[in-house]
Amino acid sequence: MQFFLLLALILLSAVAYYLGRKRALTVAGGQIRNLHSLPSFYGSYTALWCGLPALAVLALWAALQPDILTNLVVADLPTELRDLPPDQLNLVVNNLKNLVSGHFVSSTTDPAMQAAAERYQNLRLIGNAALWVVALSIAMGGIAYAWRRIAPTLRARNSVESVVTIFLIASSTVAIFTTIGIILSVVFESLLFFRQVPVSEFLFGLQWSPQTALRADQIGSSGAFGAVPLFGGTLLISGIAMLVAVPIGLMSALYLSEYATPKFRAFAKPALEILAGIPTVVYGFFAALTVAPLIREIGTALGLHVASESALAAGLVMGIMIIPFVSSLSDDVINAVPQSMRDGSYALGATKSETITRVLLPAALPGIVGSILLAVSRAIGETMIVVMAAGLSANLTANPLEAVTTVTVQIVTLLTGDQEFDSPKTLAAFALGLVLFVVTLILNIIALRVVRKYREQYE
Amino acid sequence: MSTTVLETQTALDQALQASTAPRHKSSVEVTDYNNRQTVGKITVDNPKMVCRDVDVFYGAKQAIKKVGLDIGANEVIAFIGPSGCGKSTFLRCLNRMNDTIASCRVTGQIMLDNEDIYAKEIDVVQLRARVGMVFQKPNPFPKSIYENIAYGPRIHGMVNTKAELDELVHDSLERAGLIKEVEKRMQEPGTSLSGGQQQRLCIARAIAVNPEVILMDEPCSALDPIATAKIEELIDELRENYTIVIVTHSMQQAARVSQRTAYFHLGDLIEIGDTDQIFTNPRHKLTEDYITGRFG
Chain S
1 MQFFLLLALI LLSAVAYYLG RKRALTVAGG QIRNLHSLPS FYGSYTALWC
51 GLPALAVLAL WAALQPDILT NLVVADLPTE LRDLPPDQLN LVVNNLKNLV
101 SGHFVSSTTD PAMQAAAERY QNLRLIGNAA LWVVALSIAM GGIAYAWRRI
151 APTLRARNSV ESVVTIFLIA SSTVAIFTTI GIILSVVFES LLFFRQVPVS
201 EFLFGLQWSP QTALRADQIG SSGAFGAVPL FGGTLLISGI AMLVAVPIGL
251 MSALYLSEYA TPKFRAFAKP ALEILAGIPT VVYGFFAALT VAPLIREIGT
301 ALGLHVASES ALAAGLVMGI MIIPFVSSLS DDVINAVPQS MRDGSYALGA
351 TKSETITRVL LPAALPGIVG SILLAVSRAI GETMIVVMAA GLSANLTANP
401 LEAVTTVTVQ IVTLLTGDQE FDSPKTLAAF ALGLVLFVVT LILNIIALRV
451 VRKYREQYE
Chain L
1 MSTTVLETQT ALDQALQAST APRHKSSVEV TDYNNRQTVG KITVDNPKMV
51 CRDVDVFYGA KQAIKKVGLD IGANEVIAFI GPSGCGKSTF LRCLNRMNDT
101 IASCRVTGQI MLDNEDIYAK EIDVVQLRAR VGMVFQKPNP FPKSIYENIA
151 YGPRIHGMVN TKAELDELVH DSLERAGLIK EVEKRMQEPG TSLSGGQQQR
201 LCIARAIAVN PEVILMDEPC SALDPIATAK IEELIDELRE NYTIVIVTHS
251 MQQAARVSQR TAYFHLGDLI EIGDTDQIFT NPRHKLTEDY ITGRFG
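So the sequences go chain by chain: S and L. Numbering-wise, UniProt numbering puts 452 at position 452 of the first sequence, and it's gapless, one number per residue. Numbering-wise, UniProt numbering puts 253 at position 253 of the second sequence, and it's gapless, one number per residue.
If we strip away everything but chain S, and leave its shape as in the complex, we get (with noise of 0.2 Å):
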């Protein structure tokens, strides 16, 4: 129903624009150049008073009309049904919505209930033709309005375009207030959990077993929350990825940006860069499947004990995953080294092994950092790979070999199948996702400053 209002608003707002348009191009005689605007403008302003104000009354009324209806059926109930405690008047009430769209009801339905969905369809009818008078009206008006307003001198440029303006503010600030909104639950959920367990014990505890009673009989549930060994096993599997990752991606960038013809360049940076998009879950089943068996086997056969899922495999895996960020970030940023100088480094008769160790990387250090410290904070947040390939026990140890696990695991196995809400074990994730937030956060931010300093180098 009101998706149909919308579509005649829409077409409405299409004729508005010519109407506008034309009109202007009368008013001006013709002329164009006796417009302020282009005659585009104009038709752009007469749509956007046609189309916004319709818009912004459809939009309310969405808003608005189960509440308004509610209150208005609720009212005219019998008082005995009216004068119930609230949350069973809420049961009444869902009771009500389901038999107005003609789902399954839980209790019998009674004379008195039937007669308040009737009238509640009734108001909706009601509503919703008064809806569309309202809007089209509201639209028509608009028109008219606007049709009147258009004259030579009407700046219809600078109100389309501070509208357009308008849209993009709010455009933009929908992901930061997103992020705000995110931020802000995990916040109230961390607080929560930092009540039921203290933050010293989460942030220096060595001992994680989120396992909590159920009963006060239950066994082996002792609802340990030290996050170290969490942590522990984050940094190792990022620091055997940054191993793998770093020295291959800044050498194949060295080699992609300074040895290889442009036609190789063409055809290996774009190869590289997919890797990137291969879904994480696929390296999982490569780490899961074929790494981690391998690193077993070899393990055996130097007599050494390896576990079944190592730390070693999940980080040699997610190491090769973030190969393309180093290496495509870092050919960028060698790149946009001026070629002046290399012609400098070049003209004093320096190789080409010494311009690249002297002038090119040092230039680009600090974009090289930035591509680093953003591979470190995906490598980080990387989660598929671990579940599958470094496995769920949280053992604090620097040895790559054992199992470990790591924050993003633990928030994931905390946060899947049926919890409580309100139990510390479901509330650790969010704590964890906290830390966690923090964290990549500062080495976001790190990665920025250092960029941003990059380029104020050589100018």
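Derived from the structure by calculation, the hints contain no laboratory data. There may be inaccurate statements among the hints.
As the list claims (entries may be wrong) - With a straight-line Cα cutoff of 30 Å, these simulated DSS-like cross-link-like pairs (lysine-lysine) come out:
#1 Lys137/L - Lys230/L
#2 Lys143/L - Lys453/S
#3 Lys180/L - Lys230/L
#4 Lys180/L - Lys143/L
#5 Lys137/L - Lys61/L
#6 Lys137/L - Lys453/S
#7 Lys143/L - Lys230/L
#8 Lys143/L - Lys352/S
#9 Lys285/L - Lys65/L
#10 Lys180/L - Lys137/L
#11 Lys180/L - Lys162/L
#12 Lys184/L - Lys453/S
#13 Lys184/L - Lys137/L
#14 Lys162/L - Lys143/L
#15 Lys269/S - Lys453/S
#16 Lys352/S - Lys269/S
#17 Lys61/L - Lys41/L
#18 Lys352/S - Lys120/L
#19 Lys66/L - Lys137/L
#20 Lys352/S - Lys61/L
#21 Lys120/L - Lys263/S
#22 Lys66/L - Lys120/L
#23 Lys120/L - Lys65/L
#24 Lys137/L - Lys352/S
#25 Lys61/L - Lys263/S
#26 Lys184/L - Lys143/L
#27 Lys65/L - Lys41/L
#28 Lys285/L - Lys61/L
#29 Lys162/L - Lys352/S
#30 Lys352/S - Lys263/S
Keeping the supplied structure of chain S fixed, place chain L upon it in accordance with the hints.
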């Protein structure tokens, strides 16, 4: 299709030759090539570099056509000509900077002290240590002033101790006339200097590796008149110890700093001779048009 283009090209060349034929004077030396001539004496008595029949191609496009000239020891020779005439391209051939451009191909002979610099056994790294270069836009490395100068001597292993290096850096800056301005700020970034100072820093950097020839590609085009005057003065002083080849768009500059001048036009070397003669008594119509401002 290609034949047509070739024929058109030849026809054009002939037309050009006919319309711009040098106004011969019996005393003028003329070097003949297939379809054009260089007016003036291309040889000198004590050449540092000798170039003969140099062709440069960018892909299929020929940027330099059969250019031959000598560069005398301890002289300043200026290359002038309208934009795109190939003078910078030719300059970059002299220390093989064109090697860094993949599509560029150089044929002919360029000799430095009787050695063909394009010969297989020549190491381009050593060549560039002997033939230094200063670029159009000052391009100090994003390092300290000291490190900018120390870079060359370090990579060539010219010094053994820190004290020697300090002395070399100091000496180079002194010879580039920059020492008074930067003595107290050796550790500041080279990019913090003004444009003219940066260019003198680049000259000092080139001098530090003790080259025999210094190529300058419009070294003053990004500078104000005062900085330009300083650099011109410096070029004059440097002539004592170095051979200098300078490409410039400023005819006054060529007249002020050089002893010989070569005029390039569309990849051809049109005229070469003593600077005084070129500017007071050009023998080729194109040269005259250019220096009197009728063309270019």
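Verification of the supplied hints:
1. Lys137/L - Lys230/L: holds (16 Å)
2. Lys143/L - Lys453/S: holds (15 Å)
3. Lys180/L - Lys230/L: holds (14 Å)
4. Lys180/L - Lys143/L: holds (19 Å)
5. Lys137/L - Lys61/L: holds (26 Å)
6. Lys137/L - Lys453/S: Holds, because 23 Å separates the two Cα atoms, which is no more than 30 Å.
7. Lys143/L - Lys230/L: holds (24 Å)
8. Lys143/L - Lys352/S: The given pair, whose Cα atoms are some 18 Å apart, holds under the 30 Å limit.
9. Lys285/L - Lys65/L: holds (19 Å)
10. Lys180/L - Lys137/L: holds (23 Å)
11. Lys180/L - Lys162/L: Between Lys180/L and Lys162/L the Cα gap is close to 21 Å, so the pair holds against 30 Å.
12. Lys184/L - Lys453/S: holds (25 Å)
13. Lys184/L - Lys137/L: holds (25 Å)
14. Lys162/L - Lys143/L: Given that 30 Å is the threshold and the Cα spacing comes to 18 Å, the pair holds.
15. Lys269/S - Lys453/S: holds (26 Å)
16. Lys352/S - Lys269/S: Within the cut-off at roughly 21 Å; holds.
17. Lys61/L - Lys41/L: The given pair, whose Cα atoms are some 28 Å apart, holds under the 30 Å limit.
18. Lys352/S - Lys120/L: holds (18 Å)
19. Lys66/L - Lys137/L: Judged against 30 Å, a Cα distance of about 29 Å means the pair holds.
20. Lys352/S - Lys61/L: Since the Cα atoms of Lys352/S and Lys61/L sit roughly 27 Å apart, the hinted pair holds (cutoff 30 Å).
21. Lys120/L - Lys263/S: holds (26 Å)
22. Lys66/L - Lys120/L: holds (21 Å)
23. Lys120/L - Lys65/L: Holds, because 23 Å separates the two Cα atoms, which is no more than 30 Å.
24. Lys137/L - Lys352/S: Holds - the C-alpha atoms of Lys352/S and Lys137/L are around 22 Å apart, at most 30 Å.
25. Lys61/L - Lys263/S: It holds: about 21 Å lies between the C-alpha atoms, which stays within 30 Å.
26. Lys184/L - Lys143/L: holds (16 Å)
27. Lys65/L - Lys41/L: Satisfied, since the Cα-Cα distance of roughly 18 Å is no more than 30 Å.
28. Lys285/L - Lys61/L: holds (26 Å)
29. Lys162/L - Lys352/S: At roughly 25 Å apart (the allowed maximum being 30 Å), Lys352/S and Lys162/L satisfy the hint.
30. Lys352/S - Lys263/S: holds (20 Å)
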